[in-house]
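Asks: Chain by chain, the residues run as shown.
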Amino acid sequence: MALPKYTETRYRIWHYIYLIFCSGVFIFLIAPLFVIFPLSFNAEEFLVFSDGMKRLDPDAFSLRWYEDMIYGTKNPWGLAAKNSFIIAIFATLGSIILGTTAALGLSSRHMPYKGLIMATLISPMIVPLIISGVAIFFFMAKVGLAATHTGIVLAHIILGTPFVVITVTATLTGFDHSVTRAASSLGSDPVNTFMKITLPLILPGVISGGLFAFVTSFDEVVVVLFLAGLENTTIPIQMWTGLREQLSPTILAVATCLIVLSTLILVTAELLRRRSERIRGINVN
Amino acid sequence: MSSEIQKILTTDGIPLEESLKKAEKKNKIKAFLLVCPLLLFLIITYVFPIGDMLFRSVDDRMVTNMLPKTYKAMERWDGKELPDEEVFEAFYQDYKLLVEKKTFGKLATQLNYEKNGFKSILKKLQRKLKKFEEGNYKEQIMDVHKRWANVEYWRAIKRRAPAISYSKYLKGMDLIEDESGSITQVPEDRRVHRVLWLRTLEVAFFVTLFCFLMAYPIAHLLATLPMKYSNLLMICVLLPFWTSLLVRTASWMILLQQQGVVNDFFVWIGLVADDNRPEMMYNKTGTYVAMTQILLPFMVLPLYSVMKTISPSLMRAGKSLGGTPFVAFWKVYFPLTIPGIGAGCLLVFILAIGYYITPALVGGASGTLISNQIAFHMKSTLDWSFASAMGLMLLAGVLAIYWVYNKLVGVDNIKLG
Chain W
120 MALPKYTETR YRIWHYIYLI FCSGVFIFLI APLFVIFPLS FNAEEFLVFS
170 DGMKRLDPDA FSLRWYEDMI YGTKNPWGLA AKNSFIIAIF ATLGSIILGT
220 TAALGLSSRH MPYKGLIMAT LISPMIVPLI ISGVAIFFFM AKVGLAATHT
270 GIVLAHIILG TPFVVITVTA TLTGFDHSVT RAASSLGSDP VNTFMKITLP
320 LILPGVISGG LFAFVTSFDE VVVVLFLAGL ENTTIPIQMW TGLREQLSPT
370 ILAVATCLIV LSTLILVTAE LLRRRSERIR GINVN
Chain S
3 MSSEIQKILT TDGIPLEESL KKAEKKNKIK AFLLVCPLLL FLIITYVFPI
53 GDMLFRSVDD RMVTNMLPKT YKAMERWDGK ELPDEEVFEA FYQDYKLLVE
103 KKTFGKLATQ LNYEKNGFKS ILKKLQRKLK KFEEGNYKEQ IMDVHKRWAN
153 VEYWRAIKRR APAISYSKYL KGMDLIEDES GSITQVPEDR RVHRVLWLRT
203 LEVAFFVTLF CFLMAYPIAH LLATLPMKYS NLLMICVLLP FWTSLLVRTA
253 SWMILLQQQG VVNDFFVWIG LVADDNRPEM MYNKTGTYVA MTQILLPFMV
303 LPLYSVMKTI SPSLMRAGKS LGGTPFVAFW KVYFPLTIPG IGAGCLLVFI
353 LAIGYYITPA LVGGASGTLI SNQIAFHMKS TLDWSFASAM GLMLLAGVLA
403 IYWVYNKLVG VDNIKLG
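Chains as they are written, first to last, in the numbering used here: chain W, 120 to 404; chain S, 3 to 419.
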């Protein structure tokens, strides 16, 4: 962003103020994530930078909180991680299946009441989570699914499908329907056409929607707080309890692992987005 | 003869128009069947339960179910003077049953909401109940405590008769329906909810404003920088977006604590004295700072996607036609970004107004919002009908905003990442 040579001094000053302000905002956005890394390697029990850490003394750093996270006797993190992954995987699969079929129907130009149905399908994303939590809790309690894995998976499917519907519908807007017609005219049945032609083309959208659904489920705490019993504890619930009661460095070790996980997801999502844009670009041409 | 010639037939001999209509209908059904599984699933597990909340929020049969005989006997009572023996006898029988089932405490709580002082006289009645003799219940009950002879208390019981009541909604707005049926404000020391509603609106408004002020410049920078730099900076926006909400809240708790990094920095630059570190967490400041950072990506992304489509030559044209950079920005660039501003602001506002986790962790007592109150009634007081009523009031507000959003940008234009 080099300024042209003829720029007046006062605009030059304004430009630098603008750049400094932007840097400040970027630091505000990203710095809080980095404060967690060093503190999770703290050898002491306090959540502040010790004098040893400020001097970069190697004795001030340790892996004890990571050991505590994995081997700690009273620690529920193992169970929580297992539950979180099981719930998130099933919720993602459910969201992908229901969301993708619905998106296929919604993108058809024959679909009646499109606006109303679309609004209903993505409403769980718009309604504040606390209200969704109350409503879903009433339903699950009535059908006897409160405090079960099934109940939580169903709840997360509700919250995850809007993302799949939106991303897959977006992928389908550039979709060339003549390829599926060509497949049918060559004698392929609809299921075969979908598996061989449509699915590979919309796959980036499906996967990125699935990633959103996975993250939503993996990070969800409001609804789970209403639904979960002791057996169904998840990582977010454990973090919530830990943050409310006492902030122990073990939580920071878990948080560091979660940041690494979200970095991986971000990279995957970015690669998928670029790939999908490329494929759609080819279709348009 | 001529009309038959004009009709084009398909190979099966069916008129083409009819055949097309049939195919169209078939396609419609096919599309609808694809949507059906998800639609039905959501209607059963989500839309109906929200309707159920509506039902629960006005459902007021708790007292009616506890005192069935009393209400039957009260049907003939005009409510002017003390009810007659029949009502007293029915009340005695109902209450005796509740005492045997040990659920009389609930009745006391409910009736005490209606009129103060019910709790003590019901407790006293429960203690004396064993000594009651058959017949002439009116006098025996009135002997227990003189308030039982006060017609006001019997009127209070009768007021709970209707199965539907809007009292929870009134309570949510710190209003109450008094004996004469007119709606008034509750006493000043019990007005808690209006403060919470106002605070929720205030926090949502200022968080949206802060997000806008911070997001606009950086979205502009991201949209105008060359691709290789902007992709790198975009990570600063997207990484927090993908990171767990609880992780981000935890990091703010570490940063803002009294011995935390932010306070250390303030001491180091000499802004505050070491022994006088300000409390930045467990109050509104903490809520503002953490919520702004957490919701900022939701403002940056829509702004960025709009700014990306604005051609830089427009600004150059504005300047070459004699406008200063500020005039060119204000008259040319800014109006073009209004759709993005609308989308970002409404998205952040809707998210902020229903926020729960962050205010509960860093908000303390002065930073909690209406969602925290809903959760409190769901989990602690178990007054689910009140929680439902407040939830629906919040939902009504959100739907109104959502409607505006739909008018301005359209729901199907939401973009993710």
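Hints were generated in silico from the structure; no laboratory data involved.
Possibly wrong hints are sitting among the right ones.
Said to hold, decoys possible - DSS-like mimics (lysine-lysine), calculated; alpha carbons at most 27 Å apart, straight line:
hint	chain 1	residue 1	chain 2	residue 2
1	S	K121	W	K124
2	S	K24	S	K98
3	W	K233	S	K82
4	S	K9	W	K233
5	S	K117	S	K140
6	S	K148	S	K160
7	S	K30	W	K315
8	S	K130	W	K261
9	S	K104	S	K82
10	S	K148	S	K286
11	W	K233	S	K126
12	W	K261	S	K27
13	S	K104	S	K32
14	W	K124	S	K130
15	S	K409	W	K261
16	S	K71	S	K121
17	W	K233	S	K71
18	S	K32	W	K315
19	W	K261	S	K121
20	W	K124	S	K9
21	W	K124	S	K24
22	S	K104	W	K233
23	S	K24	W	K233
24	S	K121	W	K233
25	S	K140	S	K125
26	W	K315	S	K173
27	S	K103	S	K82
28	S	K104	S	K130
To be verified - From the structure, some residues in chain S lie toward chain W, with a derived Cβ separation under 7 Å:
hint	residue
29	V37
30	P39
31	T47
32	Y48
33	I52
34	D54
35	V197
36	F207
37	L215
38	S253
39	Y358
40	A367
Small disclaimer: the values here were computed from a predicted structure and weren't measured.
For glycine and all other residues, C-beta sits at the position ideal for the given N, C-alpha and C.
Asks: Would you mind marking each hint as holding or not holding in the structure?
Replies: These are the hints, each one checked on the structure:
no.: 1; hint: S:K121 - W:K124; in the structure: violated (83 Å)
no.: 2; hint: S:K24 - S:K98; in the structure: violated (69 Å)
no.: 3; hint: W:K233 - S:K82; in the structure: violated (58 Å)
no.: 4; hint: S:K9 - W:K233; in the structure: violated (33 Å)
no.: 5; hint: S:K117 - S:K140; in the structure: holds (21 Å)
no.: 6; hint: S:K148 - S:K160; in the structure: holds (19 Å)
no.: 7; hint: S:K30 - W:K315; in the structure: holds (24 Å)
no.: 8; hint: S:K130 - W:K261; in the structure: violated (39 Å)
no.: 9; hint: S:K104 - S:K82; in the structure: violated (32 Å)
no.: 10; hint: S:K148 - S:K286; in the structure: violated (49 Å)
no.: 11; hint: W:K233 - S:K126; in the structure: violated (63 Å)
no.: 12; hint: W:K261 - S:K27; in the structure: violated (38 Å)
no.: 13; hint: S:K104 - S:K32; in the structure: violated (57 Å)
no.: 14; hint: W:K124 - S:K130; in the structure: violated (97 Å)
no.: 15; hint: S:K409 - W:K261; in the structure: violated (37 Å)
no.: 16; hint: S:K71 - S:K121; in the structure: holds (21 Å)
no.: 17; hint: W:K233 - S:K71; in the structure: violated (52 Å)
no.: 18; hint: S:K32 - W:K315; in the structure: holds (20 Å)
no.: 19; hint: W:K261 - S:K121; in the structure: violated (32 Å)
no.: 20; hint: W:K124 - S:K9; in the structure: violated (74 Å)
no.: 21; hint: W:K124 - S:K24; in the structure: violated (69 Å)
no.: 22; hint: S:K104 - W:K233; in the structure: violated (54 Å)
no.: 23; hint: S:K24 - W:K233; in the structure: holds (20 Å)
no.: 24; hint: S:K121 - W:K233; in the structure: violated (55 Å)
no.: 25; hint: S:K140 - S:K125; in the structure: holds (17 Å)
no.: 26; hint: W:K315 - S:K173; in the structure: violated (59 Å)
no.: 27; hint: S:K103 - S:K82; in the structure: violated (32 Å)
no.: 28; hint: S:K104 - S:K130; in the structure: holds (15 Å)
no.: 29; hint: V37; in the structure: holds (4 Å)
no.: 30; hint: P39; in the structure: holds (6 Å)
no.: 31; hint: T47; in the structure: holds (6 Å)
no.: 32; hint: Y48; in the structure: holds (5 Å)
no.: 33; hint: I52; in the structure: holds (5 Å)
no.: 34; hint: D54; in the structure: holds (5 Å)
no.: 35; hint: V197; in the structure: violated (18 Å)
no.: 36; hint: F207; in the structure: violated (16 Å)
no.: 37; hint: L215; in the structure: violated (9 Å)
no.: 38; hint: S253; in the structure: holds (4 Å)
no.: 39; hint: Y358; in the structure: holds (5 Å)
no.: 40; hint: A367; in the structure: violated (14 Å)
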